[in-house]
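Student: Assemble the whole structure, with the sequences as input and the hints as a guide.
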Amino acid sequence: MLKMKDYEFWFCTGSQDLYGDECLAHVAEHAQKIVEALNASGNLPYKILWKPTLITNELIRKTFNEANTDENCAGVITWMHTFSPAKSWILGLQEYRKPLLHFHTQFNQEIPYDTIDMDFMNENQSAHGGREYGHIFSRLGMERKVVVGFWADADVQKEIGAWMRTAVGVIESSHVRVMRVADNMRNVAVTEGDKVEAQIQFGWEVDAYPIAEITDAVNTVSRADIDVLLEEYYSKYEILLEGRDEKEFREHAAVQAGIEIGFERFLEANNYQAVVTHFGDLGGLKQLPGLAIQRLMEKGYGFGAEGDWKTAAMVRIMKIMTQGMKDAKGTSFMEDYTYNLVPGKEGILQAHMLEVCPSIADGRISIKEQSLSMGDREDPARLVFTAKAGPAVAVSLIDLGDRFRMIINDVDCKKVEKPMPNLPVAAAFWTPRPNLKTGAEAWILAGGAHHTAFSYDLTAEQMGDWAACMGIEAVFIDKDTTIRQFKNELLWNSMAYRK
Numbered sequence: 070m071l072k073m074k075d076y077e078f079w080f081c082t083g084s085q086d087l088y089g090d091e092c093l094a095h096v097a098e099h100a101q102k103i104v105e106a107l108n109a110s111g112n113l114p115y116k117i118l119w120k121p122t123l124i125t126n127e128l129i130r131k132t133f134n135e136a137n138t139d140e141n142c143a144g145v146i147t148w149m150h151t152f153s154p155a156k157s158w159i160l161g162l163q164e165y166r167k168p169l170l171h172f173h174t175q176f177n178q179e180i181p182y183d184t185i186d187m188d189f190m191n192e193n194q195s196a197h198g199g200r201e202y203g204h205i206f207s208r209l210g211m212e213r214k215v216v217v218g219f220w221a222d223a224d225v226q227k228e229i230g231a232w233m234r235t236a237v238g239v240i241e242s243s244h245v246r247v248m249r250v251a252d253n254m255r256n257v258a259v260t261e262g263d264k265v266e267a268q269i270q271f272g273w274e275v276d277a278y279p280i281a282e283i284t285d286a287v288n289t290v291s292r293a294d295i296d297v298l299l300e301e302y303y304s305k306y307e308i309l310l311e312g313r314d315e316k317e318f319r320e321h322a323a324v325q326a327g328i329e330i331g332f333e334r335f336l337e338a339n340n341y342q343a344v345v346t347h348f349g350d351l352g353g354l355k356q357l358p359g360l361a362i363q364r365l366m367e368k369g370y371g372f373g374a375e376g377d378w379k380t381a382a383m384v385r386i387m388k389i390m391t392q393g394m395k396d397a398k399g400t401s402f403m404e405d406y407t408y409n410l411v412p413g414k415e416g417i418l419q420a421h422m423l424e425v426c427p428s429i430a431d432g433r434i435s436i437k438e439q440s441l442s443m444g445d446r447e448d449p450a451r452l453v454f455t456a457k458a459g460p461a462v463a464v465s466l467i468d469l470g471d472r473f474r475m476i477i478n479d480v481d482c483k484k485v486e487k488p489m490p491n492l493p494v495a496a497a498f499w500t501p502r503p504n505l506k507t508g509a510e511a512w513i514l515a516g517g518a519h520h521t522a523f524s525y526d527l528t529a530e531q532m533g534d535w536a537a538c539m540g541i542e543a544v545f546i547d548k549d550t551t552i553r554q555f556k557n558e559l560l561w562n563s564m565a566y567r568k
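Under our numbering, the first residue of the sequence shown is numbered 70, with each subsequent residue one higher.
Calculated directly from the structure, the hints in this document are not laboratory data.
Given the structure is predicted, the values throughout are model-derived calculations rather than measurements.
Watch out, some of these pointers could steer you wrong.
Dumping the calculated EDC-like pairs for lysine to aspartate or glutamate here, alpha-carbon to alpha-carbon at most 16 Å [said to hold, decoys possible]:
hint	residue 1	residue 2
1	Lys116	Asp285
2	Lys305	Asp405
3	Lys120	Glu105
4	Lys74	Asp139
5	Lys487	Asp468
6	Lys483	Asp405
7	Lys72	Glu282
8	Lys167	Glu282
9	Lys120	Asp139
10	Lys368	Asp405
11	Lys120	Glu135
12	Lys355	Glu447
13	Lys414	Glu530
14	Lys316	Glu300
15	Lys355	Glu282
16	Lys355	Glu486
17	Lys548	Asp481
18	Lys414	Asp481
Tutor: In structure tokens:
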């Protein structure tokens, strides 16, 4: 299982010394109480660390640069308790390089009508100070997340927690390394892209390896290690022989066990967190990696089929963003296959040849072996299941030549109307919002790919925040989408994001 750093976030409070030491003591006390309450709330996935009140240019700059170099710090949460002159923040903000949240709150929930006086007004100027602080971000053209509300409200705390996951996705993006086994599927456009620009924009390293080198890693796996993993398969999943010889079935499953172990060892040894394969270039592999890739995804690795390194990296990032989430429903690579166009039952059947992550499975997971017309290899073992029902988000990252665009679609996953006994792969069925007709048209107009990074556990807002932190265009297809407005948005974006 891929592990992630135990990140933390800094809480920095803005003020100034105009109102004296007693006021500053109250500011520090209030900030510490807020941090303690947030950490004790159970609504945040990461710990917050309180930092001393920032009142000078020098201290602001020093604190932000310390945050830059602290490997455990994934972002800074800032709160303007009183009025903090924004020019004091300019150099610190210009030198800051991590996600930032502007928490627009105040210590008191209600105006103290019976006792309020000018001392109280001077000390509790969040409404005043937050606007001064917000102005300088707009003047500098800097990205930040703004959360407004009372700090003790659970909904506000959960909004901060959701942003934390996005911030960690931003930080971890610069550590994503994708191993390309072979290359993109020949003549396919959407899986292509500028890998150098992706490293500049996102921090990704995308490296190619010859299939022979990977095959060697698979072939060095001992039979003893394969047998141990094979027993895990047989104990964990239902075995669907379907008339096949049991000994032959076991040997085909053993091939996937060897691929899983070999790939994972190679990925770990070379520090990769995502992988792509291509059925057209399997070299000495006996089977297209199927069950093996599915289990690697479940362990946290990103994956993209047919050499789709952009989707592989996004799957990895989205898995990072959901790590440790209570009652998570799953994140996976996915592909659009075929439509159901029956009125009132419209939707898209999602699957792939083999590689869908079992984290999204609803109930029983089985191992099935069946011939595959592509790849020219023996019948590969794969995990077969149906996906959970519920709302989810599907994301496509595309390269338009002069920029990257992220397309974010809210979808509703549903149970298929009837069984599909002859479908030998894992599958999901969803209806894009606002409906299939508008959702599919908007997706196509935006240039969205047939591959997606898909998650039940993230929101469109979180993915949009990630795109904003990365400085790329994002378009949303949701319940409010109309084609006329969407076309206009694409037109405006073509000018706004032109390089």
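Student: Take the C-alpha atoms of Lys167 and Glu282, compute the straight-line distance between them, and say whether it is at most 16 Å.
Tutor: This hinted pair is violated, its Cα atoms lying about 37 Å apart.
Student: Would you mind confirming whether the straight-line C-alpha gap from Lys368 to Asp405 stays at or under 16 Å?
Tutor: 24 Å, violated
Student: Keeping to a limit of 16 Å between CA atoms, is the pair of Lys355 and Glu486 held or broken?
Tutor: It is violated: about 36 Å lies between the C-alpha atoms, which goes past 16 Å.
Student: Are Lys305 and Asp405 close enough, with their CA atoms no more than 16 Å apart?
Tutor: 28 Å, violated
Student: Take the C-alpha atoms of Lys414 and Glu530, compute the straight-line distance between them, and say whether it is at most 16 Å.
Tutor: Between Lys414 and Glu530 the Cα gap is close to 27 Å, so the pair fails against 16 Å, i.e. violated.
Student: Going straight from one Cα to the other, do Lys483 and Asp405 come out at no more than 16 Å?
Tutor: 15 Å, holds
Student: What's the verdict on Lys72 and Glu282, does the C-alpha distance respect the 16 Å limit or exceed it?
Tutor: Answer violated: Lys72 to Glu282 is near 25 Å, above 16 Å.
Student: Verify the proposed pairing of Lys120 with Glu105, using a straight-line Cα cut of 16 Å.
Tutor: Holds, because 12 Å separates the two Cα atoms, which is no more than 16 Å.
Student: CA of Lys414 to CA of Asp481, is that 16 Å or under?
Tutor: 12 Å, holds
Student: Within a Cα-Cα threshold of 16 Å, do Lys548 and Asp481 meet the stated pairing?
Tutor: Since the Cα atoms of Lys548 and Asp481 sit roughly 11 Å apart, the hinted pair holds (cutoff 16 Å).
Student: With a cut-off of 16 Å on the C-alpha distance, tell me whether Lys74 and Asp139 pass.
Tutor: Satisfied, since the Cα-Cα distance of roughly 12 Å is no more than 16 Å.
Student: Has the given pair, Lys120 with Glu135, been kept, meaning a C-alpha gap of at most 16 Å?
Tutor: 11 Å, holds
Checked against the numbered hints above, the structure breaks hints 1, 2, 5, 7, 8, 10, 13 and 16 and satisfies the rest.
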